[in-house]
Amino acid sequence: MSKQKWEPKIVAFVCNWCTYAGADLAGTSRLKYPANTKIIRVMCSGGIDPVFILKAFERGADGVLVSGCHPNDCHYNAGNFHARRRWDLFHKLLDFVGIEKDRLQFSWISASEGKKFADVITKVTKDIIALGPFKTYQDMNAEFTTVFPEFAEAGNKEIAYEEEMTNG
Amino acid sequence: MSFKMEEKIISKDDLLKLCGDVIAKGHTLLAPGIAEYEQVKDVSQIRLDSSALPTKTSYKSYVFPKAEPILYYKRSKSDVQLIDVDVNGKKIVVLGAKPCDTNSINILKHLFNWDYEDEFFNLRQKHFVIIGLMCSSFDEYCFCTSVGSSPVSEEGSDLFLIPINEDKFALRIITEKGKEFIEPYSEFLKDGDEAKSNAVLESIKKPEVAFDSKQVHEWLGDNFENPKWEGIGNVCLSCAQCAFVCPVCHCFDLVDEDYSYSEGRRMKNWDGCQFGHFTLHASGHNPRDIQSKRYRQRVNHKFRYYVDKFGEILCTGCGRCSRGCPVSIDIKEIVSNCKD
Amino acid sequence: MKIGVFICHCGENISRTVDCPRVAHFAEGLPGVEYSIDYKYMCSDPGQKLIKDAIREHKLDAIVVGSCSPNMHERTFRNAAVSAGINPFLVEIANLREHCSWVHDDVEAATEKAIELVRMAIEKVKRDKPLTKIRVPVTKRVLVIGGGIAGIQAALDIANAGYEVVLVEREPSIGGHMSQLSETFPTLDCSQCILTPRMVEVYQHPKIKLLTYSEVVKVEGFIGNFKATIKKKARHINEDLCSGCGLCITKCPTKKKSYNSFEENLAFRPAVYVPFPQAVPNIPVIDETVCMYYKNGKCGMCVKVCDRGAIDFEQKDTMLVADIGAIIVATGYKLYNIEKATPESKYKGYGEYGYGKYRDVIDGLQFERIASASGPTAGEIKRPSDGKEPKKIVFIQCVGSRDPSKGISYCSKICCMYTAKQAMLYKHKVHDGEAYVFYMDIRAGGKMYDEFVRRAIEEDHVKYIRGRVSKIHEENGKYIVKGEDTIAGMPVEIDADMVVLATAMIPQDNAPKLAQTIGIPYDKHGFYNEAHPKLRPVESTTAGVFLAGACQSPKDIPESVAMASATASKAIILFASDTLEREPVVAKVNEDLCAGCFYCKKVCPFGAIEVRDIKDVNGIIYKEVAYINQGVCQGCGTCTATCLSKSIELAGFNNEEIFAEIAAL
Amino acid sequence: MKPLTGGNMRFGYYPGCSQISSAKEYDLSLKKVIGNLGVSLDELDDWSCCGATSGHVTNHKLANGLAMRNIMLADHQGLDNIVAPCAACYNRLILSQYETFNHPEIKSEIEELLSTKFEKDIGIFNVLELFMKIGLGKIVENRKRELSNLNVACYYGCLLVRPADITKFDDAEEPTSMERIVEATGAKTVDWNHKVECCGAAHSIARRDIVVDLSKKIIDDAIAHGANVMVVACPMCHTNLDMRQRTMKKVYPGHKEFPVLYLTELVGLSLGMNEKELGIDLHYIDFKYDDNIIKNTVA
Amino acid sequence: MDELRNYARELLEKEEVAAVIGYQQVTEKRTKPIVITDPAETSRLVFNEYCLNNLAVYLTKARIRSLMRTKDKTMKLAIVAKPCDVHSIVALIQENQIHRNDVHIISFNCHGVVKDFGCDFNGDNLAAKCIKCETHKPLYFDKIFGEEKQTPKAGDASLEKINELEKLNSKERFEFFKSEFDKCIKCYACRAVCPLCYCQRCITDKAIPRWIESSSHQRGNFSWNIVRAFHLSGRCTGCGECDRACPMDIPLSLINRRMAMEVKDLFSFVSGRSLETPTLVGNFDKKDSDEIFM
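Chains as they are written, first to last, in my numbering: chain A, 1 to 168; chain B, 1 to 340; chain C, 1 to 665; chain D, 1 to 299; chain E, 1 to 294.
Some clues are possibly wrong.
[Said to hold, decoys possible] Beta-carbon label-pair distances, calculated as ranges:
id	chain 1	residue 1	chain 2	residue 2	range
1	B	A210	E	G118	15 to 23 Å
2	C	I621	E	E175	20 to 28 Å
3	C	D106	A	K135	49 to 57 Å
4	E	D116	D	D46	52 to 60 Å
5	D	D46	E	K264	35 to 43 Å
6	E	E175	B	E166	38 to 46 Å
7	C	Q516	E	K264	22 to 30 Å
8	E	T135	D	S40	34 to 42 Å
9	D	T53	C	S405	21 to 29 Å
10	D	G254	C	S405	37 to 45 Å
11	E	K167	D	G135	30 to 38 Å
[To be verified] In silico contact screen, one side only, chain C against chain E (beta carbon under 10 Å); selected entries:
id	residue
12	S243
13	C245
14	C594
15	G596
16	V611
17	R612
18	N618
19	I620
20	L644
21	S645
22	E656
23	I658
Just so you know, these hints were derived from the structure itself, not from any lab.
For glycine and all other residues, C-beta sits at the position ideal for the given N, C-alpha and C.
Using the sequences plus the hints, can you model the full thing?
Shown next, in the form of structure tokens:
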């Protein structure tokens, strides 16, 4: 596999009513932002499970954004308030176990904040590029290295192969 | 095996030099640490203490890892491609293995070669060299003598150490593999006196025999439905601590683990029979639905089924499961009660 | 499973930056994809036909359309799929336009991203389950909360269409703020003259059940099937017996113990009172806090004079429960308290204006009462402190509103108009008086509105000064108003006899509490949020709850009435069919695995989660599990993320589907 | 601003230039009174100008840099807060800190300038806040005499409670905290109109005519509302209201001398200290607390 | 001791409770749990400094719960609980796992327990949870025994460790936890002993979708331990049983404690201290911090 310039992989979990619509507005306004972020739509920021974030890291994400409606603007009244408490705790937990704070970011973006969406994506992308690839997490694929190095090699071979496919 | 045992003497310093060489050659050297058999990076780490109690875990995971991939797969539009895992065995030397651990691989060997030869296990096992060390102490959980072993058992060791004095060990070469291993170091060895070291072995205080394994075997056969089993599980919390620290428990689970939407691998992971969903069927039915049935299974598997199938008790009497049990369940006590 | 992938060029909107044929080609090579194609306009008739034909020809089970945002054409493609025999929920949209082609310039990067978005949609659609819409019955009765002009209008419209209405008013009489006004802009009609007939109509309408002096305390259920609990506060007057003669009021000896809130505290009222003479219903209320009987068990003058025996000191609050199909919230507004701020107050007050300290500094509603013919001064303009006629009066606009430093950024909208009206009324009544208005801008959008303001300036010679007032202080009975004339560029000082502050409209104090009771969102000020600012202005985001009048944002009377009629028609549309259809995006509990911790119940914003008992063979409860009422659930999924044992799944967005999307990144 | 943790009664002290010159008596009385209430002030080591000169209108960077240098010192000297008795110093310090923490570009500019990193938010208190933190109960407890024959006009001036969004302390237009402190001494306060009006401080030197007019209005309003003494908490205000009365007498014949005290001096009087101890004798307008009417309180 | 035994026997004899969950002595310095339904067995009950187990875990076990149900009614369970174990019971009541009326709490004035069986009871061997304990008298109980006694003084090593970790940078902390979690063998003893891990099916046992990789490799171990810690955030009452149960000596309660500190700091909430305070999870305050949100 020819070594290309590394591009961060970022996932955004966004709520259907505010941030997804805000992203739509960024589109209709033809605002430009980096193409690294892929959106996964859920109904409400209250419905995003922290395990989704761990999964995303496991699947090679270098950064994650979680975004929903502003407090008091939740389409479901209170989903984002529950989310806020949850994310505050989860963020602190990840920080304590040594995951850099900027790997997981949060925002409130309303349906009318297309500009903010573009700005946030640009900022997150910039932050993640500054942090570099999330090797500390991705390297955990290379388990058993201590006793059985052969597994690590085999495992990495497969991962390299996957990247090739992604790059078309 | 018709190998004839040889009795040698090695000084502690020379033994450590030998160890240094093993490490220098890039082999893995394991020695009992505080909680587990640790990989020795520096010989100063080594404590050859025959009076230490068994470590919290055995070295089982070096021959039967807690999780290992057994194949890789890749889905394409219409089929699935399988890719083998390439296992290259690496020499592993265990120094100072407890007599209650030394035989564990021999016991496990039956299971991994019964209907299907487990290449992963066999390859690693082939590269294992076990240097046993006589054991000079025991606590209330030890019961090696009840399962046909003893603190001075050489069974399973390739080489066996008996401390003669502060800085000398008698070294017994038990197997061909052991001889092959020690040959390059013959300069360290002097001839030993078997009678003298036998005297040391005999002087060791050994745990009292708590039960007769033959009687237990028999009782288990007749008492599957015995009301004694009921309530045994009341306090058990259904973790697998006992199975995972056991040197001979070997249940495993096969799990497909996806890397991505199209690729992944199949993993062989440890499993434990005390987990509530261990025998849960796809239908939702679980034949061992309550803890007492699970505990009955554990005892039967160890002291009856395995014996019936392979002629060996699936237990080395190390007492690790009891020592570590968060609710202090003592297998010795339960098995001792397996009588009318 | 056979999946079809359809990549739309959207003319050039997508294909300009996304290599659509390459995306389609890539998709074709993915596991499970049977058919993949790109086309110029997927949403056009030929495009839809292409999808339908492909579904039939290739016997597809599910489709992915790479196109514009699902908010645009998800419905279109779902309908196309349905007509070709696929469940509409086995259609996934990859948003290649708004989220990709329009926001990226680089063709390579955009195409890569498009490929990944399509791949994620394919992985999701593989796990999608066919869903069917949910049908629920409708109770054809409306609860109108608030009996001001908006509530009155909505109630009458609905009742006249033949449906039942329960109208709940917190005060002893309906009428709201409109009944306090003297005259209305821009026509200067007498407010009460146009309002009172409508109030009576409500009272007499056979389809309207009027509950005054009552509050909604609990709302359960969901669109078409609400259950409302209403607390009817004790009037201590038997409504069936009272004839409204008013003798108890005239004879009550406790005349000056409490301020008359209808008169904006400019007068007193007796312990037994009707808020105002035209009150509907014309039945008094006994104020327990001041009535002598409740103090010392003595007096009882009202009992002696009432020949119908309608006084009932023992009367208790009662609870009524009503089945309701739709709710119209018309709770109106209050005025910003412009007194000096206290640590508890939400907004900063105007200590510099001295409201609450100087008796002749009053707010807009107080002036309405002073100018009203039925008010405390019988319509004569007198200042509260000494009853003298003010010869110089200053009106200050935008007190509180448009002032983010005090906490309110919005324009209160009606103040320009009512200030002009009040200044005009003053000039009509005090011919030799001088009226000044300090303003920031004049916002007089509306039919005949600007003409009205011009009239105040040009015909009635009200002096408009553009600028803010910095300070008011009293000197020898005069109020020194210090301000700035920004047009002249000079400081101004006016020694006024009276100052009227056009204070901002803000939501009622308990607006957030009521919103929580009903389950509707509100903004940071407490105004209720509409579902969409442009296209759904009278609906709340909670299905079946509609918003009328100033509870949504500041409004004048015609706007409130228009909004009320709009909510009425929304309710009537809802009642046009006997059952309701709703999206099946709802959560469901796996009862076997539910651990019964009920965190889901705590987080559910809609109260959709109930406790269900699981019993053993002997009928003894051995487990409590959560049960989600599919009719109430709105599908936010907060419960699914909160559930520790992951025993709840949200249909259409279940965890397996989301994990598949993550895996496809 | 960070709330202080209970029991921590250690305050950093930033005197500022006036305290060691024109307002010596303010410094003197502050230290005496605070010490009497059992609280110590740790004077910043090597403090410098706060930037409240013409600096802050001509050079933003300079003004912020000067103020932040003192805040940096506080941080380095392990202080959590600074008491700045001069309203102008208070305003500069609190404003610069606000700007630094709320504008990343200013922050990096100032950090570069001072070669430091700002992380800790230092609490900036004026004298009113200081008394509030100490607790009015302390004054009441330690009161040696009740100044009940004084009718005090509390004058805040322009900077003590402004800008409200940043000081987050009391109402900017209708403050009352000084009244509460004064009432704790047993004195009465008057309700008057000019408590936050401008005294003309900015023109103190260049346009004395403006100062005299403005200060005269303030004093007259206080007298009209029945005050017999005025209390201030800013050296600038004091200069204009006390010293300028000499010019006032010339411009407005018939102007009667009206005593103006520092808040700390008033509190000191109630704690039983005499005029000399508190430096009241240094004022231009004499003030002598009339011993004949002193009522000894519980003590 | 006799008081306790007599009391328990009476409870059983009068059929006020279906069973008594308590401690029995195994060796001089070791006890183990016992579930008593036969009044005669109450003579085995003990309470001393070696009663390490948090018996609240049994309140949710199906086998024990089945003892409560007779043919026609539901009976109570009696439980011997240290004041700290009462916190767990409070949390369980708040999470609807048992009703207050269904549990009969027999508690003690507690002055601490040893850190491990076999140790002598003194300051050096005090269990970590006892070092920081503030509840020597139970907050809720139906019966209380024992005199109030002084708890030995001891240094708080786990707090020191937390402080030490906080000083490290992200990378170093990650390495620390990675190597600690690497030891994990997924025996789930931590889950089994935790009174608040009562789910019938833990999410780590769910295969579709696979929430947490069941393999005990670094990544699977990491996500298991993170999710475990997160699910206990704001719920963990700090009984420290996970630490004690872990055969690999992973300092599990370190994260739990750190999160509890965080929770206290952010939301002024401590789990299991009051039946009236709303739980942290499942509730919110509009004034919760917005700090992390852009």
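Here's how the hints hold up against the structure:
no. : hint                        : result
1   : B:A210 x E:G118: 15 to 23 Å : 20 Å, holds
2   : C:I621 x E:E175: 20 to 28 Å : 50 Å, violated
3   : C:D106 x A:K135: 49 to 57 Å : 26 Å, violated
4   : E:D116 x D:D46: 52 to 60 Å  : 55 Å, holds
5   : D:D46 x E:K264: 35 to 43 Å  : 39 Å, holds
6   : E:E175 x B:E166: 38 to 46 Å : 40 Å, holds
7   : C:Q516 x E:K264: 22 to 30 Å : 27 Å, holds
8   : E:T135 x D:S40: 34 to 42 Å  : 37 Å, holds
9   : D:T53 x C:S405: 21 to 29 Å  : 28 Å, holds
10  : D:G254 x C:S405: 37 to 45 Å : 41 Å, holds
11  : E:K167 x D:G135: 30 to 38 Å : 36 Å, holds
12  : S243                        : 48 Å, violated
13  : C245                        : 49 Å, violated
14  : C594                        : 8 Å, holds
15  : G596                        : 6 Å, holds
16  : V611                        : 8 Å, holds
17  : R612                        : 12 Å, violated
18  : N618                        : 5 Å, holds
19  : I620                        : 5 Å, holds
20  : L644                        : 5 Å, holds
21  : S645                        : 4 Å, holds
22  : E656                        : 4 Å, holds
23  : I658                        : 8 Å, holds
Checked against the numbered hints given earlier, the structure breaks hints 2, 3, 12, 13, 17 and satisfies all the rest.
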